[in-house]
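Asker: Listed in order, the protein sequences are those of chains V and B.
For the first sequence, our numbering gives the first residue as 213, with consecutive numbering after it.
For the second sequence, our numbering gives the first residue as 11, with consecutive numbering after it.
Each computed DMTMM-like pair below joins lysine to aspartate or glutamate, with the alpha-carbon atoms no more than 25 angstroms apart:
# : chain 1 : residue 1 : chain 2 : residue 2
1 : V       : K247      : V       : D294
2 : V       : K311      : V       : D261
3 : V       : K296      : V       : E259
4 : V       : K247      : B       : D54
5 : B       : K79       : V       : E221
6 : V       : K311      : V       : D294
7 : V       : K247      : V       : E259
8 : B       : K79       : B       : D42
9 : V       : K247      : B       : E34
Think of the hints as simulated: they come from the structure by calculation, not from any bench.
Nothing here was measured: the structure is a model prediction, and the numbers come from that model.
Okay, here's what each chain looks like letter by letter:
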Amino acid sequence: MSSTIIASELTIEGDLTSEDDVHIEGRVRGRVTTKGSVELGSRGAVEADVSGRTVSVAGSVTANVTATERVDLLAGGRLVGDVKAPRLTIADGATFRGKVDMGD
Amino acid sequence: MARVSIIGPTSIVIGDVTGRGDLEIIGRVQGDVVLEGTVTVAPDGVVLGSIRAQGVRVAGRVDGSVVAKESLSLQAGANVSGDLVAARLGIEEGARVRGTVRTEGGDLEEDDDEDEVIADQSDDVDATPSEAPGGHERRRRDRRRRRAHGGGGGGGASPHAVPPPPALPTAPSVPSTNVAPSSAASSSASTDSIGARSPQTNPSGRVGPPAPVVPALTKGVRGRRRPSSGQD
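Bound-form chain B, shown alone:
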């Protein structure tokens, strides 16, 4: 018996989904999804609630946190308003994230400030279109290499460097939309190379406090409704 469940394109679930097996959401779920298996949110799929599973792949929209015990991948077109926690994480170019990002359970690196991102990845001009989900890791390596070369010249002017991603590690808030890609890339580049590149001067080893929470973005689940009847 196949254990693959599908919420079809015209289907709406108002309530929580739990259990074992894989689940593909092409329609809409207004509630939390807790699954021992892999959850896939298709390009037109919507989840207004959190997702917790072994593996999660998002190409659609999630308004809520996403926790993956194993791997989490955001594909182009994904739109997540909520925190991401996963042992392995991949964010493709064209995916949008508003929330904090944390990798845990895997081999964590010492500069975990790099992991806290409030950024619109769709403005990321560093990634190539064909980039696999592992591209996030590659970008981090690039930035570390720039730091080793003296912090870069601002605006990604060093000959081998591609423009850095708009990570804005300590920015209190980021406009969630309407950031022109070119200005976002250059302004974040200067912030990147001047402001945030001195973790060794901080005794705690971290760069400033964790990024402040943006109320409108982490409020959680907008428009979510719990079933008011039909329950035990």
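Bound conformation, chain V alone:
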């Protein structure tokens, strides 16, 4: 159970920051920053940078994604932007265009 949920027909025109998990099925037209995980559901969309401990993308991100642990781009997910994370998985059927930085 995420502590913050943006449901499918909700739009945030601005930035969202949190200390806990964030689940997005709606649209965020601004940055998403949390110390917890970010789960972007299949209908979710974020149009600015996303950062969290872990980030999983089944929806659409049009910006850079940064995670301190891992980024998972799931089937059907779409990511246009750069990824910076020590671990990255890209599922079959995902769309990705951008650079990857997995550190040293």
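Put chain B on the given structure of chain V with help from the hints.
Answerer: Then chain B, alone, in the frame of chain V:
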């Protein structure tokens, strides 16, 4: 798919929130909320901006106006600095309001001066702790009954009357804090029964002009910031 959104306790939204569905704000929103659904501001929730929705329930803090197309309820502990507009309105004991209050869209009563309140409801000794949001209506009926009995004896001395609420219908401004409950109740009682109880002498049918706006209280949104980047 559930359409319930939650701004969690550690979450901060800087910007506007729009859309459909229900929204529970336990954290903080610095921006306006416009929703087709019900907005709930939890006891620790903060909205620095206005809220417009079908239904609104506030137990936390709102610095901005609140407009509910259907029902608006302020629960104990709520703190609203801004105007309230709703078809149905309930204000519980322990809720604080600084702003004008208007019910519209429902069945409006003729004495709409009663609806303009600049008062600290937490000083309201009339309400009982178990009172439901409908208590506001009951208080208004009580006051009308007192008027029918000759305006009361000042200080709520009539045997059946409980002390009247500190509504102060025409006071230009009210100190927003630090009003001792007992003195507020008694002073407003005398104002209530002497000064403001003669609407029939006024040809316009209203008691004086609308309560003057208090600049510091209706300035709107304090400390609000718009996102400066990340937009289209």
